[in-house]
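**Student:** Residue numbers (numbering that gives the first Met the number 0), protein chains in the order written: chain X, 0 to 190; chain R, 0 to 270.
To be clear, the hints were calculated from the coordinates, so they are not data collected in a lab. Keep in mind that the hints are not guaranteed to be accurate.
[Unchecked claim] Lysine-lysine pairs mimicking DSBU-like chemistry, simulated, CA-CA at most 35 Å apart:
1) X:Lys190 with R:Lys76
2) R:Lys76 with R:Lys4
3) X:Lys152 with R:Lys88
4) R:Lys88 with X:Lys190
5) X:Lys185 with R:Lys88
6) R:Lys76 with X:Lys188
7) X:Lys80 with X:Lys152
8) R:Lys88 with R:Lys4
9) X:Lys81 with X:Lys71
[What the hints assert, rightly or not] Partial list, derived from the structure: chain X residues whose beta carbon lies under 8 Å from chain R:
10) Arg2
11) Leu155
12) Lys160
All values derive from a computational prediction rather than experimental measurement. Heads up, the beta-carbon is just placed ideally off N, CA and C, and yes, glycines get one too.
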Amino acid sequence: MKRWTNILGRSGTTLIAISLALFLVSIIPQIDLITYETSTTVSPEQVYTTGSQGLNPQQGIQLKVTVEGTLKVYLLDVGSKKPNPETGMFFADAAELQEFLDSSSNMIIWDDELDDDSFDRYYVPTRVMNATLVFRNPSSSEIAYVEFDVALKSSLAPGDKVRTIAYFAAPIGIIMAIPWLLNGWKQRKQK
Amino acid sequence: MGKGKPFLEVLASAIHEDFRFPFLEIFAFLYALGTFVLASFTVSIYTQTATNEAVAYAVTTSLLSGSLIVFVLLIFKNVAYGLGSDLEKGIIQTYFSYPLRRRGILTAKLLSALGVSLLLFLGIQISALYILAPDIVLPQFSTIILTYAANLSYPLLISAIMLLMTLILRRGGIGLVVGIVLYVAMNIVSGIAFFVALATESPLMLQIISLISPSYALQYHYGGLSGVSELSSLTWNPTLSETLLYIGGSYVIVASLFVLGYIYFSRRLNL
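Please construct the entire structure, taking both the sequences and the accompanying hints into account.
**Tutor:** Structure follows, in structure tokens:
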């Protein structure tokens, strides 16, 4: 019985130590690596793409977009695809974009349609990727206007996920360690 | 009474000695923290064409670069200092009175010193890596395990040498110092081997080093020598099967040394 209390207790204290490490990691603030804001117009049935950016589990992207008119907004993983050397764009036109979307549906991270609307999102991938932001004007007659802020943020770990694990693991560890700690305290008292 | 119970008695006693409170907790904390702090995807960012395997290898190597030393210190302490002090204090002689073969006693001691430490190290680091990058860990699990296997071979080799020294000298101090010196010396030796390989334009020295520390073979398998192509025409890009041979070969050497330790402990150690 005493041996089981010891095993359970030490497993509990180890779990508490791991939870503390996870909690510590989760409270370390993010760093803004690059921030830029820009605005552009997108002609009817045309596509606008930004340059590609390497993202990874420790480097996410925050995006604030405000659209006047109607625009489809995509965040795509373009992998090893190279931009057109003349235009600097990944997709020359809507047809090429559609071809990519049809053939690589697993590379689509976001696919939203904004109609005189705005959004503010943060994305951290769970793998290494080469991401680009794409705006497509689906209208055949109206020009759309977009303002967007892009911020690349670096963090040690996905804070919410790590903190949730720490919050679950720490109480389990405490429950496991209580009999062992009480036992130790009683023994010390007897001495 | 069967042999199982005395074995568990010795194992429990060894674990109690090797991981006194709060050793286990401190190392668990460091491994968990180290995984997130040391993980680096930087290599992968600038090499967009890198394969998923290379990404998994790069991330695992970045973790190991700092945390391996913590693991090495733990196993060196357990093998040299733990076993050495047991021999000096006569605790091993007490174990000999148990209805258990000598090799069973050594197995229990090594399970505690190396097995528990390995379980803690690999369990925490791979779980933490999974939390961080599940889409890298799951598809490339074999690459991650291979990277750990290649990097752990040399510390295990030193552990086997330290075990032999501790048994022969019956004290752990010298074994511990030799272990630390050997661990540091490998960085110097590999540096020399690299320059000799560049100068002679032959990968022979790197191949010899890789037999002892196969992490170098794995490094060249994924990275090659592209960075030094302007300095020398030396090229060494071992295939995966060649790399596996180096890893296998190094573990054969490690296993042989541990077998020697077992033979010495069972037949030659007069206590």
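**Student:** Against each hint, give a clear statement of whether it holds in the structure.
**Tutor:** Comparing the hints with the structure gives:
no., hint, verdict
1, X:Lys190 with R:Lys76, "holds (30 Å)"
2, R:Lys76 with R:Lys4, "holds (27 Å)"
3, X:Lys152 with R:Lys88, "violated (56 Å)"
4, R:Lys88 with X:Lys190, "holds (25 Å)"
5, X:Lys185 with R:Lys88, "holds (29 Å)"
6, R:Lys76 with X:Lys188, "holds (32 Å)"
7, X:Lys80 with X:Lys152, "holds (24 Å)"
8, R:Lys88 with R:Lys4, "holds (23 Å)"
9, X:Lys81 with X:Lys71, "holds (22 Å)"
10, Arg2, "holds (6 Å)"
11, Leu155, "holds (5 Å)"
12, Lys160, "holds (6 Å)"
Hint 3 from the earlier list is the only one contradicted by this structure; the remaining hints agree with it.
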